[in-house]
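Taking the hints as your guide, dock the two standalone chains into a single complex.
Protein sequences appear in the order of chains A and B. Plus 41 on top of the position in the first sequence (first one is 1) and you've got the working numbering. Plus 275 on top of the position in the second sequence (first one is 1) and you've got the working numbering.
Derived from the structure by calculation, the hints contain no laboratory data. Note that the coordinates shown come from a computational prediction; the quantities given were computed from them, not determined experimentally. Each hint should be verified, as a subset may be incorrect.
What the hints assert, rightly or not - 25 Å max Cα-Cα, derived PhoX-like pairs, lysine-lysine:
#1 A:K329 with A:K268
#2 A:K332 with B:K335
#3 A:K108 with A:K268
#4 A:K541 with A:K565
#5 B:K335 with A:K329
#6 B:K413 with A:K226
#7 A:K151 with B:K290
As the list claims (entries may be wrong) - Counterexamples of contact, computed for chain B against chain A with all Cβ distances above 12 Å:
#8 V313
#9 K344
#10 V353
#11 H374
#12 V384
#13 D391
#14 G403
#15 S406
#16 D409
#17 E432
#18 N436
Where a beta carbon is used, it is the ideal one built from N, C-alpha and C, also for glycine.
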Amino acid sequence: MKLNGAQILIQTLIEQGVTDVFGYPGGQVINIYDALYEYKDKINHVLTAHEQGAAHAADGYSRATGKVGVCIATSGPGATNLVTGIATAMLDSIPMVAITGNVPCSLIGKDSFQEIDITGVTLPITKHNYFVNKIEDLADTLREAFAIAKSGRPGPVLVDIPKDVQVAKYDFEPQSVVEKMPLPKVKEDLIDKAVELINGAQKPYIYVGGGAAGLGMGSDIVAFAEKIGAVIGCSFMGLSSVPQDNERFLGMQGMHGHYASSMSQNEADLILGIGVRFSDRATGNVAKFAKQSKIIQLDPDSAEVNKNVRVDLGLVGDVEDSFKRIAAKCAESAKPDWFARVKQLKAEEVQFEAEIAEANDAPLTPKQVFEIINAEKPANTVIATDVGQHQMWTAQYVEFDGPRRFVSSGGLGTMGFGLGAAIGSYVATKDPVVLITGDGSFGMNLNELATAVSYKIPVVIVLMNNGVLGMVRQWQTLFFGKRYSNTVLSRKTDFVALAKSFGAEGVLAETPVEFKRAFAAAVKAGKPTVIDVRIDKDEMVLPMLPPGGAISDIITKV
Amino acid sequence: METNRFVIAVYVDNKAGVLTRVTAMFTRRNFNIDTLTVGETERSEYSRITISMRGDDYVKEQLINQLKKLYVVKKVEVLEDEPIKRELMLIKVQNASEHRSDIMTAVDVFRASVIDYSSEGMCIEVTGNPSKIDAFIKLMQPFGILEMCRTGVVALERGANTLFTD
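So here's chain B without its partners, still in its complex pose (with noise of 0.2 Å):
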């Protein structure tokens, strides 16, 4: 079966162990997760994860499944239909003269931010599409990247839909 890459939100208990409880899951029925986030909601009760991954139609519908067992998971979406995706990202470069100019100009052109600025580094941040994160940090690498964290997908559905509906 073809593989593709699908995003999921997940609302959960917000109590203590229960991101414990969904990522066991995933270890315990061989999924692989390429990113996963979590956060408070418009209700506080409630946690939404958002996991990006890979998989088969199979591995989707298992995945939805075995969710759906999890006495702490409230509601699982995939979402379809090209939700939007947003993921931000701090990076550290070099901050060499012969390549300063360079680097402004890409954090212009990709709308990133300069957050902290000395004479050998300068982070930057960066938010969009998660290809976008991939291509801002292709332009850095000769650049000599120092570190670098991403957060993960956040992903929400276009349009007015959300996940509760009650």
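Just chain A, with the same shape it has in the complex (with noise of 0.2 Å):
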């Protein structure tokens, strides 16, 4: 059949699987939102406020789904307001195809009105780009991108599609799904090798990472961790990809990890390495990071392994399918010392954290925000974050309902990310979902909340309001002399009616009493809730490892 460029592009998104996508349209994208119109029977479009909540929509639709998630925005300003989000996935390794629209082949390079080289612009921050000047290139390229998107490490790929191809006419002929391109099985005797490795190690330790998500291997790791003799961490982005209701799992390693995750880390004599880049903010000062560890990394880039730590053996390929090899060849071994060793680190670290929570007097601190939130979410709840404090606690203090229910900003850090990804994920999966968010972050993409009232998203949004940029102002007063600068906000803001001036509920919580009311009136009203949760300016998030610091340095009281 004889279909124009835009009913190709939507054709051919229906042909991939495509059930939603985040956009917002303009002069370059009308032919686009044209041919919506005409499918929206087939494909849902999502209205966001600002094209940079339309990307990070399509983000955590895709964390949240393991799909690969679209946005669409029209030329120039469009297509730039998607570039945080667009870096935000890439940086965490999550598949997306970026839609933009361009100016006719005719007005490129004139600086014609809206018109941006965006596949210049975004050529570091995608996984591949393309701008499309032919008609009869549009599908295939289209199924290129969704095959990039998701093959090997999944990452984002922008198609710029100039106006004119839009609108010229071709021959469509719907094809399948394209599969994602198959991952080399590692060789046997690397396999070998890692089972010998880890057949001798006495102190061995499983570090999983992003690359683990929504693999399905949690399981697996506990009962490979029992067999071993191995206890578990994770990157921050490894979070909620292992069951944390048994006692080998340690949770996050690194700046903010937990003590008995770093410690017994840096005490290894093996860390095996599942789908962990050793990013700076897990290892602090790479030159004194693991020192007496042999390192096993497992990973599908072969640019990763040796990229950020020298490690002994690294297997490039499949990695679910080198885990499983290699969990089946190692020998059983109890190595109750190193538990042991391990269970009293887990003791240090509790009785630290009482000593802490003892010390705070404040009407309402995080830990009991968080206690509240663990016990009163509903099951399967997707718990979205920004960018800072709150962000850290969160990955301290919940308890995640299992894999890809941890939407968050690892890599890129992108403050403002929280409110569209959380948005993205209902609109992916329809199960409850909860933001975890602070006064400057929320600040920043706030404009989203017209968004969720408009699709009746019920994301209970937890506002940890401060008053100060917390993150920033806990390094100006351990590194800076307590030189605030530009971190106290003093804003007027109030944010219980500017919740209901769009449309949502506001309310506000002082103290635990308030706060647990309020969240179970928020999961039970089932419509967009900013719960507006004072808490202290000083609050600290702790542990912390001092930047470029080592394991050693951990500050665990101020």
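Below, the structure is given as structure tokens:
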């Protein structure tokens, strides 16, 4: 059948199994929106308040499901507004296809109205991108974009379609959904080498990252840890991929990780990294990281092996396959001494956490907020966050309901990510969603409250309001002599009234009783609710590894 | 780690914008290139980029892995074991009568050729190893170099080996 480019685009999205897209119309995508109108019974378009919100929504959609998220924006400012969202997806390896319109080919390069070289702009923040200048290439380019986005180490792909290509007509025949490109299987002798290293270890530590999220390996990893007497820690991106209700799981390690997790990683004689990239926030000073430990790294991306830390063995290829083959071959071993030592570290952690909690006489502490969230959140809740102290407390305290139930910007650390991402995750799953945010982050993209209200997204927004940019303030307190440069917000924003003006619910909570009541009511209400949770401006995220420091420099009290 | 000079051959799609993707990656990853040349190959669908640069084993390994991740890159190879390296230079020197015979002797010894000649200056074409080009420049310096340009290194492995084995 002969269709125009815009119809071919939407037909190809439908062909690739896309049921929801996020976007914002504009001059150079009018044809695409016309096609969306035509196919609205087959593909649902969510209109956000801002293109950045659309990109974060597509990202959240993907994180909550593993599907490829899709966003659409017009040329020029529409396209550049996607940039932060695309970069966020890139740094966390999230599959996404971003579609942008552009001026007709005859006007390209002439600084035409709303013309921008978006493939040039997004070159370093996409896995790959395309400028489609011929109608005959359009459908196959889109198919390739989906294949690239979801294969190997996933990531965002941008397809820029000039207006004349959207208008031009060409034959279209639907094809099947593109398959992921297969990952190579690691050679048997390398598997044997890994098994030999693991069998020879006395203090093994399994280190799980974002690359394991969604692979559904969580319970296998726990079973393997029990088999070989290992303990399990994770990077920020690895959170929620391993069941937390077992004593071998120590939680996140790194800058704001759990004390026992960071310390035992530092004392381990073998680290088995599964889909982790040893980011600077996770390792601290690499020269002092895990010095006495052998490191095995399982990753689909060969460029990650030996990039941040030197490893003893890099197994590049299908992570799940490598893990299963290693797990099957390793010898059983209880290693009670190692586990006893880890338990001792855990006891120290519990001890100093109790001391910190006891010393805190604020009317409502972050720890209390999260205890209430854990107790009151419905089953299978997606927890989304923004970036800052609230995000690290989430990572430390929340008991996640399973894989893909944690949606947060790790690598890029994008303030303003959360609300759009929460909306996207709800559109994808219809599962309960809680956004944990701060007054700084929320202020960046709170316009998406309009979207949440319009689309009846029952997101419970826990706004941890301390009137300051808490994470930067914490650094200023610890490392800059309390010179609070531009981190005291002193804004007069009334978040309760603001929520109501958007058509959402708003409620203030200043004590544990008030918060519990407000949270339970918000969960029941089934509509977007902002809970303005007042916490003290000098709350800290502890423990903390000072930037560039080693594990031995860990700060556990101030 | 020890820093070495090495040459990398990269087969890429012969399409618009491909060179940008490759060089943008170098910038993004903070790699410094000494020379980069690009041109058509025995297969019209591919171009061959020859990069010469310096770095330790870490740089070399990262560079190759990062290159392989680019979707326009079809093949990457470090040319080990002293590949055949050639570079071409055009150099314009002052044509002063008192230096003319010295210049002509150098041209003769280096198997270079004079390709343009006027009473003020002459243009010489030199081909060879980069070190030979360097030596020729050094020799011309006292005579007054007016302008010069070098192509950068192109290189092939010795023997009948090719990068594509299929």
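Okay, the hints, checked on the actual structure:
Distance check on the hinted pair: K329 of chain A and K268 of chain A sit about 30 Å apart at the alpha-carbon level, beyond 25 Å; violated. For the given pair, K332 of chain A sits about 24 Å from K335 of chain B by alpha-carbon distance, which is consistent with the 25 Å threshold. Proximity of K108 of chain A to K268 of chain A is assessed by CA-CA distance (about 33 Å); at most 25 Å being required, the pair is judged violated. Distance hint between K541 of chain A and K565 of chain A is fulfilled; the C-alpha atoms sit about 17 Å from each other, no more than 25 Å.
Annotation: proposed proximity of K335 of chain B to K329 of chain A holds, straight-line Cα distance about 24 Å (limit 25 Å). The suggested pairing of K413 of chain B with K226 of chain A is violated, with an alpha-carbon distance near 53 Å, which exceeds 25 Å. For the proposed pair K151 of chain A and K290 of chain B, the alpha carbon gap of about 22 Å is at most 25 Å, so the pair holds. Listed as a non-interface residue, V313 of chain B keeps its Cβ farther than 12 Å from every Cβ of chain A; the least gap is roughly 18 Å.
Consistency note on K344 of chain B: stated as away from chain A, yet its beta-carbon is not over 12 Å from all of that chain's, at 6 Å minimum. At the 12 Å boundary, the C-beta of V353 of chain B stays outside the reach of chain A, the nearest C-beta of that chain being 15 Å off. With a minimum CB-CB distance of about 48 Å to chain A, H374 of chain B clears the 12 Å threshold, and the non-interface call stands. Every beta carbon of chain A lies more than 12 Å from that of V384 of chain B, the smallest distance being close to 46 Å; the non-interface claim holds.
Here D391 of chain B stays apart from chain A, with its beta-carbon at least about 36 Å from theirs, past the 12 Å limit. Here G403 of chain B stays apart from chain A, with its beta-carbon at least about 35 Å from theirs, past the 12 Å limit. The non-interface label for S406 of chain B is consistent with chain A: the shortest C-beta to C-beta separation is roughly 32 Å, beyond 12 Å. Separation of D409 of chain B from chain A is adequate, the least Cβ-Cβ distance of about 33 Å exceeding the 12 Å criterion.
Taking the minimum C-beta to C-beta distance to chain A, about 23 Å, the non-interface status of E432 of chain B holds against the 12 Å cut. The Cβ of N436 of chain B lies farther than 12 Å from every Cβ of chain A, with a closest approach of about 23 Å, so its non-interface assignment holds.
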